[in-house]
Amino acid sequence: MSVLSALILAVVWLSAAAAAGVTLIRLVGVRPAARLEWLLLALGLGFPLASYAMFAAGSAGWLRPAAAWTVLVILTAIGLPAWRRSRPGSGPRSSSAEHHAQSGSEWRLVIAVAGIVGLVASFNLIGALAPPTEWDSLDHHLAAPAYFVRQGRISFVPYRNWPDPSTAEMWNLIGLLLGSDRFAQMISWAMGLAGAGALYLLASRRASPLVGIVAAGVYYVAPQVTVLSASAKNDLTWLFFVFLSFHALLRWSEEHDTRWFWISACFTGLAMATKLHGLFWAVSIGMALIMIQGRRWMCEPGRMLTQTVGYALVAGAVVMPWWLRNLLAGGDPIWPYAFPWLHSLFWSQRWHEKYTTWVQGPGDSVAHYVLGLWNVTVNQSAWLLGLRRPLTPVVLAFAPVAAVSWSRLSASLRWFLALTTVAAMVYYSLWFVTYQLPRYLLPSVSLLTIPAAAAFWWMAHRRWLWWTATGFLLSALAFGAAYAAAFNLRMAPVVVGLQSEHQFLARNVSFYEDLMWVDRHLPSNARVLYFGLKTYYLRRDFLRGDPNVWPLDERAPTGDLLHLLRARGVTHIFVTGADREAGELTAMHRGLGELQARGYFRTIYVNPTGVQVESRGLGKSRRVRVEVWEIR
Amino acid sequence: MANDRVPVWLDLLLALWVIVVGILFYRQFLPYVGIGVRYLQQVLTLP
Numbered sequence: 160m161s162v163l164s165a166l167i168l169a170v171v172w173l174s175a176a177a178a179a180g181v182t183l184i185r186l187v188g189v190r191p192a193a194r195l196e197w198l199l200l201a202l203g204l205g206f207p208l209a210s211y212a213m214f215a216a217g218s219a220g221w222l223r224p225a226a227a228w229t230v231l232v233i234l235t236a237i238g239l240p241a242w243r244r245s246r247p248g249s250g251p252r253s254s255s256a257e258h259h260a261q262s263g264s265e266w267r268l269v270i271a272v273a274g275i276v277g278l279v280a281s282f283n284l285i286g287a288l289a290p291p292t293e294w295d296s297l298d299h300h301l302a303a304p305a306y307f308v309r310q311g312r313i314s315f316v317p318y319r320n321w322p323d324p325s326t327a328e329m330w331n332l333i334g335l336l337l338g339s340d341r342f343a344q345m346i347s348w349a350m351g352l353a354g355a356g357a358l359y360l361l362a363s364r365r366a367s368p369l370v371g372i373v374a375a376g377v378y379y380v381a382p383q384v385t386v387l388s389a390s391a392k393n394d395l396t397w398l399f400f401v402f403l404s405f406h407a408l409l410r411w412s413e414e415h416d417t418r419w420f421w422i423s424a425c426f427t428g429l430a431m432a433t434k435l436h437g438l439f440w441a442v443s444i445g446m447a448l449i450m451i452q453g454r455r456w457m458c459e460p461g462r463m464l465t466q467t468v469g470y471a472l473v474a475g476a477v478v479m480p481w482w483l484r485n486l487l488a489g490g491d492p493i494w495p496y497a498f499p500w501l502h503s504l505f506w507s508q509r510w511h512e513k514y515t516t517w518v519q520g521p522g523d524s525v526a527h528y529v530l531g532l533w534n535v536t537v538n539q540s541a542w543l544l545g546l547r548r549p550l551t552p553v554v555l556a557f558a559p560v561a562a563v564s565w566s567r568l569s570a571s572l573r574w575f576l577a578l579t580t581v582a583a584m585v586y587y588s589l590w591f592v593t594y595q596l597p598r599y600l601l602p603s604v605s606l607l608t609i610p611a612a613a614a615f616w617w618m619a620h621r622r623w624l625w626w627t628a629t630g631f632l633l634s635a636l637a638f639g640a641a642y643a644a645a646f647n648l649r650m651a652p653v654v655v656g657l658q659s660e661h662q663f664l665a666r667n668v669s670f671y672e673d674l675m676w677v678d679r680h681l682p683s684n685a686r687v688l689y690f691g692l693k694t695y696y697l698r699r700d701f702l703r704g705d706p707n708v709w710p711l712d713e714r715a716p717t718g719d720l721l722h723l724l725r726a727r728g729v730t731h732i733f734v735t736g737a738d739r740e741a742g743e744l745t746a747m748h749r750g751l752g753e754l755q756a757r758g759y760f761r762t763i764y765v766n767p768t769g770v771q772v773e774s775r776g777l778g779k780s781r782r783v784r785v786e787v788w789e790i791r
Numbered sequence: 002m003a004n005d006r007v008p009v010w011l012d013l014l015l016a017l018w019v020i021v022v023g024i025l026f027y028r029q030f031l032p033y034v035g036i037g038v039r040y041l042q043q044v045l046t047l048p
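Each protein sequence line maps, in turn, to chains R and W.
Read in our numbering, the first sequence has 431 at position 272, and its numbers run on one by one without any break.
Read in our numbering, the second sequence has 22 at position 21, and its numbers run on one by one without any break.
Hints listed in this document are in silico derivations from the structure and should not be mistaken for laboratory results.
It cannot be assumed that every hint is accurate.
To be verified - For the chain R half of the interface with chain W, some residues (derived, Cβ under 8 angstroms), not all of them:
| hint | residue |
| --- | --- |
| 1 | Thr536 |
| 2 | Pro552 |
| 3 | Leu555 |
| 4 | His748 |
Stated by the list, open to error - Stretches of chain R that chain W covers, calculated by requiring three or more beta carbons in the stretch to come under 8 angstroms of a beta carbon on chain W:
| hint | stretch |
| --- | --- |
| 5 | 558-570 |
| 6 | 622-633 |
Glycine is no exception: its CB is placed at the ideal position from the N, C-alpha and C atoms.
Based on the provided sequences and hints, a complete structural model is requested.
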């Protein structure tokens, strides 16, 4: 499918989802205050309709293009009343907005921020239109849907990350059913912009449009968002739900309309149904809820408890389809992370310990906790890949300014910033005691752009500090724009047709040429044992060599391994020099090596200079030997 | 936003803080400048 066709399909599907969302908004009866709120709320409610319909169809074994088109028909049918009726009415506008752009310099700055966001969005679109090459997309965000499409159904597959809640990946599935993997990346790109819109909505309504535009600009221009926009990952959809859930909760607290309360609970559930770290967000927004309830816990504890439990139950009900599937098939709703309590199937104490001791940050002491924001900003090389995907410096620069300006802000703004900061800090604390991957910190960093933006404007309005504050902000945005240009423009030749897809993928995807050989030369009923993780471009049936699905004792005779390979229908084995270096695979490879030496396997393909890509952005790769063995 | 008086030394301190964060942030990427230039050359010389 051509890139243009995929772009049109993405627009059609998202429009249909938003239209269905408008009908849902009307059914619920809430009145969004502005067009942007209508649009984002509609998208937030309509988007998961498609996901859940696709999940139901896939689980029932109906995965074919007709299923994707049926989802479109359903969305259109639900959204028909929205198309037919007049434009969305507008309710009362924000009353708490304190500051609109007034002076010429403010306008110029707003235009500059909007211009940079537009520029970065254009660069990011180029990346989204290129063939998928991002690691996690090839490992599971696209690989799992592609596998399900080949199998004709969605099933529980016990490879790490595959059984995670997949609200966003269901859209990737729609794209693959329609014949386009760019569709998935375009959805991610669109959700990046939608997330920026949601952050603007959240901040502009409570602080001011100026604060909103700076916060949203800093969020969107961040290199992490650039990388995610050109991938099929779920993070940007997840952040969109995070921001909407917080916005809806605040709407409830401002208007005492319980419908916003339940909408917030639904969005929190969707955050959990999009990414496992949504659980951390559920705790964080729960803390904000308790703060909003405040003294009423003393006066009406029973009612407050019911309210809080109700919120948790609704959020839990939204994520339940995924959890239930995992519980039934893998013995663990959040497979395999509840292993210590539920002894998840297809997992073991060894793997549990491996992943729980797997940390990326520089440390987990109290000092590291206190200096967390400092470290993730100016000590990024302490993290794996930290410098390659930098976090914004704006939050660290303006956080102390926020503290100084605190007493000079209005009470309502202080309350909003306090809620935002507490939610961000609770999330940060949970992140800190776990894996510490900088990308997973995005909810905290993104929410903290709001106090940072408020502090920026406070500082900018202090006459001679204008140049310091705006200079820093613009330099950070320019850095983001330069990063977006460097990251995405290398994909421009393949997007405009100056470079062939094959040539591009051979340079950016590990063992692409070898995988193409497998796709072309192995019989269609072949089943390949594959030791890598990135299976997206492997178009034959496969079993991954993940140790948790090959529970072999190191002392087991090689005959057991051969028996297991045959019992599982493996016909070919794809081995690379890179696999053999991985310590945990050694036992399996030793067994395979012995079997090969005894003549049970026939080598049918050898490439002594297979390309293993180490960094797409920096163009780094190394050469390793690749072989394909056929089991006799 | 209220914009009342703040001691000059505090203004100076805030400005200094922002500048220091900027310097420390950008200095992390100095080694990448050379890579960036080579990379740009590579992009510009593609067919």
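These are the hints, each one checked on the structure:
1. Thr536: Holds. Min distance 6 angstroms.
2. Pro552: Holds. Min distance 4 angstroms.
3. Leu555: holds, 5 angstroms
4. His748: Nearest chain W Cβ about 35 angstroms off; hint violated.
5. 558-570: Satisfied; 7 residues make the cut.
6. 622-633: holds (count 5)
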